[in-house]
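A.B. asks: Counting from 1, position 242 in the sequence shown corresponds to residue 242 in the UniProt record's numbering; the numbering is continuous, with no gaps.
The reader is advised that the hints may include incorrect statements.
Simulated pairs of lysine-lysine, BS3-like, Cα-Cα distance not exceeding 30 Å [to be verified]:
1. K260 <-> K246
2. K233 <-> K183
3. K24 <-> K3
4. K12 <-> K70
5. K211 <-> K3
6. K193 <-> K260
7. K70 <-> K154
8. K239 <-> K38
9. K260 <-> K183
10. K159 <-> K12
11. K88 <-> K128
12. K41 <-> K88
13. K130 <-> K194
14. K154 <-> K130
15. K128 <-> K41
16. K41 <-> K70
17. K159 <-> K193
18. K246 <-> K183
19. K85 <-> K128
20. K211 <-> K183
21. K24 <-> K38
22. K36 <-> K302
23. K128 <-> K154
24. K260 <-> K41
25. K85 <-> K130
26. K128 <-> K70
27. K246 <-> K3
28. K24 <-> K12
Pairwise CB distance ranges (calculated) [stated by the list, open to error]:
29. L256 <-> D54: 42 to 48 Å
30. N133 <-> K159: 20 to 26 Å
31. L138 <-> N34: 47 to 53 Å
32. N83 <-> N225: 31 to 37 Å
33. E258 <-> K3: 17 to 23 Å
34. K233 <-> P96: 41 to 47 Å
FYI, nobody ran anything at the bench for these hints, they're computed from the structure.
Only a predicted model underlies this, so the values are computations on that prediction, with no experimental measurement involved.
Ideal Cβ positions, reconstructed from N, Cα and C, are used throughout, including at glycine.
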Amino acid sequence: MMKFYLVGAKLKPKILNNWELYDKAIVLELELANHKHKINKAVEYNSPPAVCPDNNASISFTAATLSNQKLFVGTHTEVLVYNEKNFKIENYISLPMFNDIHHVKPRTNGNILVVNTGLDMVIELSPKGKVINCWNVLGNQPWERFNNSIDYRKVPSTKPHESHPNFAFEINGDIWVTRCLQKDAVCLTDSNKKISIGREWIHDGIVYNNKIYFTQIDGRVVIVNANTLKVEKEIDLVKISNHNMKIGYCRGIRPLNEEKILVGFSRVRPSREFKPDGTITWKGQYGHMPTRLACFDIVNQKLLWEINLEDYDLNAIYSIN
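Required output: the full structure, derived from the provided sequences and hints.
C.D. replies: In structure tokens, the structure reads:
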């Protein structure tokens with residue numbers, strides 16, 4: 001039997017701005033055995049009002065990391081550490097500088113990396129929440145664009161972002177971050193190192209067997225050699241899937257071995273479109289496939305199976321742990 005945690009959120013029933021969309025943070029526990037699956041809801045969480053915008057706050061878990069039977073996960077304004085055995089909260093951190101957190105990852109030195117997307121930052125914290133390091137992912141001073149006296153947990157959105165970092169990872173002790181808008185990954189501890197991918201916005205950065213696995217939102221997986229930092233393989237999941245409907249927002253990946261991967265797809269969120277006459281229409285969502293988990297054989301180029309996660313209240317998936 002294999003067990004995974006699927007991390008994300010449940011949508012609100014109304015169509016809202018993309019920083020107001022989600023009603024609850026959710027972790028699903030998935031068990032796979034003998035071509036059958038079982039799903040249970042491990043966590044359902046709502047952030048306290050004190051650490052959220054005052055109106056229409058979006059409550060969501062974002063990309064998590066499972067390490068030593070602890071699940072490190074963020075909401076938009078919090079870091080939570082769950083004990084995997086009973087899913088009790090063992091640690092909790094919320095700082096005024098937190099805005100639109102996209103990933104939480106423990107370091108090998110015991111500190112915690114937080115990808116603070118709303119401020120285009122990566123923060124290194126002690127387990128007690130002390131700021132050890134803070135990097136602007138474009139190489140600027142961290143507070144050049146922002147005011148460190150503001151409680152950004154109360155700010156609904158800081159968009160447009162200049163970089164939109166979304167995932168942190170380590171290679172040989174160096175700290176890296178995936179930059180969505182630059183379509184690359186950069187090393188924060190050695191400015192001479194960079195992974196150029198290009199073409200489309202990227203997510204993830206899962207290090208597995210000396211490879212780094214990235215997703216691109218339109219359904220591509222890019223595999224990079226962790227030694228050379230060069231792209232070795234690109235896989236078009238849209239072509240492999242051969243669906244009649246639009247495949248959805250590709251984000252979240254988990255290699256099972258060199259041949260098989262799990263990939264998350266989220267239903268495309270509605271967005272506003274302003275017409276020349278001033279009226280507003282909504283586009284997205286309709287005509288797209290539901291939020292789901294898919295398993296691919298990337299050697300033989302086959303879609304092996306898919307599970308609809310909306311049956312379990314998961315309307316957006318950020319990570320597979």
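A.B. asks: Hint by hint, say whether it matches the structure.
C.D. replies: Here is how each hint holds up against the structure:
no., hint, result
1, K260 <-> K246, "holds (22 Å)"
2, K233 <-> K183, "holds (16 Å)"
3, K24 <-> K3, "holds (23 Å)"
4, K12 <-> K70, "holds (28 Å)"
5, K211 <-> K3, "holds (22 Å)"
6, K193 <-> K260, "holds (29 Å)"
7, K70 <-> K154, "holds (28 Å)"
8, K239 <-> K38, "holds (28 Å)"
9, K260 <-> K183, "holds (24 Å)"
10, K159 <-> K12, "holds (21 Å)"
11, K88 <-> K128, "holds (17 Å)"
12, K41 <-> K88, "holds (14 Å)"
13, K130 <-> K194, "holds (28 Å)"
14, K154 <-> K130, "holds (20 Å)"
15, K128 <-> K41, "holds (28 Å)"
16, K41 <-> K70, "holds (17 Å)"
17, K159 <-> K193, "holds (27 Å)"
18, K246 <-> K183, "holds (22 Å)"
19, K85 <-> K128, "holds (22 Å)"
20, K211 <-> K183, "holds (18 Å)"
21, K24 <-> K38, "holds (21 Å)"
22, K36 <-> K302, "holds (19 Å)"
23, K128 <-> K154, "holds (22 Å)"
24, K260 <-> K41, "holds (25 Å)"
25, K85 <-> K130, "holds (27 Å)"
26, K128 <-> K70, "holds (16 Å)"
27, K246 <-> K3, "holds (28 Å)"
28, K24 <-> K12, "holds (8 Å)"
29, L256 <-> D54: 42 to 48 Å, "holds (43 Å)"
30, N133 <-> K159: 20 to 26 Å, "holds (25 Å)"
31, L138 <-> N34: 47 to 53 Å, "holds (48 Å)"
32, N83 <-> N225: 31 to 37 Å, "holds (36 Å)"
33, E258 <-> K3: 17 to 23 Å, "holds (21 Å)"
34, K233 <-> P96: 41 to 47 Å, "holds (42 Å)"
In the structure shown, no violation is registered for any of the earlier numbered hints.
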